[in-house]
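Can you make the complete structure from the sequences, with help from the hints?
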Amino acid sequence: MPQMSPISWMNMLMYSFLLMNMLILILHFEKKNVN
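For the sequence shown, the working numbering begins at 1 and goes up steadily by one.
In short, the hints are calculated from the structure, not lab data. Treat the hints with care, since some could be wrong.
[Unchecked claim] Pairwise CB distance ranges (calculated):
1. P6 with I26: 29 to 37 Å
2. K32 with Q3: 41 to 49 Å
3. P6 with V34: 37 to 45 Å
4. V34 with S5: 29 to 37 Å
5. E30 with M10: 24 to 32 Å
6. Q3 with V34: 42 to 50 Å
7. M12 with N33: 29 to 37 Å
8. N33 with Q3: 39 to 47 Å
9. N33 with S5: 38 to 46 Å
10. H28 with S8: 24 to 32 Å
11. M14 with V34: 24 to 32 Å
12. E30 with W9: 30 to 38 Å
13. V34 with M12: 31 to 39 Å
14. L25 with S5: 26 to 34 Å
Quick caveat: nothing in here was measured; it's all calculated off a predicted structure. Even glycine gets a Cβ: it sits at the ideal position worked out from N, Cα and C.
Structural data, given as structure tokens:
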């Protein structure tokens, strides 16, 4: 496995962070709509 550069690591972290935020937002709105 090739060594990953710091920039790609940061990109991966940012991407996963954004994905998690979107998931949380969607879940939050789903709960709001149910109530």
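A quick look at each hint next to the structure:
no., hint, in the structure
1, P6 with I26: 29 to 37 Å, "31 Å, holds"
2, K32 with Q3: 41 to 49 Å, "44 Å, holds"
3, P6 with V34: 37 to 45 Å, "42 Å, holds"
4, V34 with S5: 29 to 37 Å, "44 Å, violated"
5, E30 with M10: 24 to 32 Å, "30 Å, holds"
6, Q3 with V34: 42 to 50 Å, "46 Å, holds"
7, M12 with N33: 29 to 37 Å, "32 Å, holds"
8, N33 with Q3: 39 to 47 Å, "45 Å, holds"
9, N33 with S5: 38 to 46 Å, "42 Å, holds"
10, H28 with S8: 24 to 32 Å, "30 Å, holds"
11, M14 with V34: 24 to 32 Å, "31 Å, holds"
12, E30 with W9: 30 to 38 Å, "32 Å, holds"
13, V34 with M12: 31 to 39 Å, "33 Å, holds"
14, L25 with S5: 26 to 34 Å, "30 Å, holds"
Hint compliance for this structure: hint 4 alone is broken.
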